[in-house]
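Colleague: For reference, the chains in residue letters:
Number of protein chains: 2
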Amino acid sequence: MQTYLECFPCFLSQALRAARIATDDPEKVKQVLDEVGMMLKDIPLTSTPPESGQRVYQRISAITGNKDPYKAIKAENTRKALSLYPELKARVETSQDRLLTAIRIAIAGNVIDFGPGKAFDLKMSVEEVLTQDFAVNDYPAFKACLHGAREILYIGDNAGESVFDRILIEELQKPVQYAVRGTPVINDVTFEDAVQAGIDEVATIISSGTDAPGAILGTCSPEFRAVNGRSSLIISKGQGNYEALSHTRGPVFFLLKAKCRVIAKDMGIEDGDIVLKQAQRAMERTLK
Amino acid sequence: MQTYLECFPCFLSQALRAARIATDDPEKVKQVLDEVGMMLKDIPLTSTPPESGQRVYQRISAITGNKDPYKAIKAENTRKALSLYPELKARVETSQDRLLTAIRIAIAGNVIDFGPGKAFDLKMSVEEVLTQDFAVNDYPAFKACLHGAREILYIGDNAGESVFDRILIEELQKPVQYAVRGTPVINDVTFEDAVQAGIDEVATIISSGTDAPGAILGTCSPEFRAVNGRSSLIISKGQGNYEALSHTRGPVFFLLKAKCRVIAKDMGIEDGDIVLKQAQRAMERTLK
Chain A
846 MQTYLECFPC FLSQALRAAR IATDDPEKVK QVLDEVGMML KDIPLTSTPP ESGQRVYQRI
906 SAITGNKDPY KAIKAENTRK ALSLYPELKA RVETSQDRLL TAIRIAIAGN VIDFGPGKAF
966 DLKMSVEEVL TQDFAVNDYP AFKACLHGAR EILYIGDNAG ESVFDRILIE ELQKPVQYAV
1026 RGTPVINDVT FEDAVQAGID EVATIISSGT DAPGAILGTC SPEFRAVNGR SSLIISKGQG
1086 NYEALSHTRG PVFFLLKAKC RVIAKDMGIE DGDIVLKQAQ RAMERTLK
Chain B
846 MQTYLECFPC FLSQALRAAR IATDDPEKVK QVLDEVGMML KDIPLTSTPP ESGQRVYQRI
906 SAITGNKDPY KAIKAENTRK ALSLYPELKA RVETSQDRLL TAIRIAIAGN VIDFGPGKAF
966 DLKMSVEEVL TQDFAVNDYP AFKACLHGAR EILYIGDNAG ESVFDRILIE ELQKPVQYAV
1026 RGTPVINDVT FEDAVQAGID EVATIISSGT DAPGAILGTC SPEFRAVNGR SSLIISKGQG
1086 NYEALSHTRG PVFFLLKAKC RVIAKDMGIE DGDIVLKQAQ RAMERTLK
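Those sequence lines, one after another, are chains A and B. Per this note's numbering, the first sequence runs over residues 846 to 1133. Per this note's numbering, the second sequence runs over residues 846 to 1133.
Quick caveat, the hints were computed from the structure, so don't treat them as lab data. Remember, it's a predicted structure, so these values are computed and weren't measured experimentally. By construction, the Cβ of each residue, glycine as well, lies at the ideal position given by its N, Cα and C atoms. Watch out, some of these pointers could steer you wrong.
The calculated PhoX-like cross-link candidates involving lysine-lysine, where the alpha carbons are at most 25 Å apart (straight line), are [stated by the list, open to error]:
no.	chain 1	residue 1	chain 2	residue 2
1	A	K934	A	K886
2	A	K875	B	K916
3	B	K875	B	K934
4	A	K1019	A	K988
5	B	K912	A	K886
6	A	K963	A	K912
7	B	K963	A	K963
8	B	K1110	A	K963
9	B	K873	A	K1110
10	B	K916	B	K873
Not the full set, but computed from the structure, chain B residues with beta-carbon under 7 Å of chain A [said to hold, decoys possible]:
no.	residue
11	M846
12	Y849
13	L850
14	P854
15	L857
16	S858
17	V874
18	G882
19	M883
20	L885
21	K886
22	E1016
23	L1017
Generate coordinates for the entire structure from the input sequences, incorporating the hints supplied.
Modeller: Shown next, in the form of structure tokens:
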């Protein structure tokens, strides 16, 4: 996905939010705003938002000296999400379509996102998403793809959300590799966060190798790209991964809740909508 | 009022909004974002927001070649406000306290502000503000000051809002000089807008001489400063004028509805609150 004009004020808002969490020194926060302001002219509209985010958050770390401002917030969100796990599991157990309910729960967890800076309530999000209409629902295609899949790549998004992902992974009934960011960025899930969420009990955790807030393949490790290339089903979770992979072809399904108008516009949906959207298939590419 | 850290992303959001209204050329809009981003480092926290806004909006005009992007929007808002005039006037006629009702109506019109970028509904604003509790209410002091006043300076804020100001001016029963901006900036009221609102029928319209979105005295004309210095009651309308004059002493009363968290924090109130707040009196300065 390209960077839109609306993304530029958002980069500055994100920088302010992250800098204030990273440091108590207002002069350093002002320095972050000054330097991120200067960077904007070097961000072309053709880059993806996570590429720009990568540079912005690297700058915040360099100025504040804090490599993981969201560390405590991430741990707390995972703890809160774990406290909901039994209840979420019961929802699946008692549902008519376990897989679809687990997909909805995984999407509900996607509200734990400190990029867009929206307030959220986990319990309310679950109640909402369990009954919300999908703006895009490629569930039949997803089920068919899952049926034929030998191994699944699940690209995680945020810490805490991984607990919700675990619910879905447990319903997939296939070997899953769960990809985390290589380095902390915003509140995105890292190896440590995924282990805290118990993902290691249900999947193999692998690193994408990137420090961007989205799996931009060019910034990922060769090992991750190899897994990405051979997986017969790829679940791409959240906005950052959609922004990075929206032009990718292949067996990719995007699961997310839209949390800003820009991504909603790009997907042809409304802010707040939920989607299970299949990427354009490889076949379609050859036909064009 | 000082510039707060939160103001910096807001400057960029305002620049985007104004640039898009000023031009259809996305490259020029991107250039505005780039150049305003570069300006941020030169804006100290000690400057007032209208001083910074002045520089930002001057830059937008220079890049887009559009000196008055909000011209059509301003005329339309004045037209809409004028259509409400008879109804607003009837509210005053049937109220128990005409002056206080007129003050509330003048505050209700303060929602017509394209700086903070909040959506508004004029009729709803009137209904809300007519019954809303004041967060600060210096009405007794205002009445006493009005009683002894020989001439009143009323510093206008936005186009359209002037129609609401006219309702209040008609209840003041004293000679009023109504100050407008010297040059178009955002949707702030200029001479032409004030005439469209019928202010010339109830007051003498004078120019503050500034092109800042707030009456920063240092940027105003000597003529305006002379009127400001000798007026025995000054009504300062809206956020921009509060931001410019908050540290002023003298017979100044701020009438506004808070439309951002920053100004609310500065005034010790909540976003959305309404105030009729007397400035610190000249006497208090000498006692300190």
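Colleague: Does each hint hold? Answer for all of them.
Modeller: Each hint, compared with the structure:
Restraint check for K934(A) and K886(A): not satisfied, since their Cα atoms lie roughly 47 Å apart, outside the 25 Å limit. Restraint check for K875(A) and K916(B): the C-alpha separation of about 34 Å exceeds 25 Å, so the hint is violated. For the given pair, K875(B) sits about 45 Å from K934(B) by alpha-carbon distance, which is inconsistent with the 25 Å threshold. Among the hinted pairs, K1019(A) with K988(A) is consistent with the structure: their alpha-carbon atoms are about 12 Å apart, no more than 25 Å.
With a CA separation close to 24 Å, the supplied pair K912(B) and K886(A) stays within the 25 Å bound. Our distance criterion of 25 Å between C-alpha atoms is met by K963(A) and K912(A), whose separation comes to about 23 Å. Using a Cα cut-off of 25 Å, the hinted pair K963(B) and K963(A) holds, with the two alpha carbons roughly 17 Å apart. Distance check on the hinted pair: K1110(B) and K963(A) sit about 20 Å apart at the alpha-carbon level, within 25 Å; holds.
At roughly 22 Å between alpha-carbon atoms, K873(B) and K1110(A) fall within 25 Å of each other, so this suggested pair holds. The hinted pair formed by K916(B) and K873(B) meets the criterion: a straight-line CA distance of about 19 Å does not exceed 25 Å. Proximity of M846(B) to chain A is violated relative to the hint, the smallest CB-CB distance being about 17 Å (cut-off 7 Å). This hint is violated: Y849(B) has a C-beta 10 Å from the nearest C-beta of chain A, more than the 7 Å allowed.
Because the smallest distance between the Cβ of L850(B) and any Cβ of chain A comes to about 6 Å, under 7 Å, the interface hint for this residue holds. Interface hint at P854(B): satisfied, since its Cβ lies 4 Å from the closest Cβ of chain A, which is below the 7 Å cut-off. With a least beta-carbon distance of about 4 Å to chain A, the hint placing L857(B) at the interface is held under the 7 Å criterion. Interface hint at S858(B): satisfied, since its Cβ lies 4 Å from the closest Cβ of chain A, which is below the 7 Å cut-off.
The closest approach between the C-beta of V874(B) and any C-beta of chain A is roughly 6 Å, which is under the 7 Å cut-off, so the hint is satisfied. Annotation: interface hint on G882(B) holds; nearest CB of chain A at approximately 4 Å, less than 7 Å. The interface hint given for M883(B) holds, since its Cβ lies 6 Å from the closest Cβ of chain A, which is under the 7 Å cut-off. A cut of 7 Å between beta carbons decides the hint on L885(B): the least distance to chain A is about 4 Å, and the hint holds.
Below 7 Å, beta-carbon pairs count as interface contacts, and K886(B) has one with chain A at about 4 Å; its hint therefore holds. Taking 7 Å as the C-beta contact cut-off toward chain A, the hint placing E1016(B) at the interface is violated, the least distance being around 41 Å. A least Cβ separation of about 40 Å between L1017(B) and chain A goes past the 7 Å threshold, and the interface hint is therefore violated.
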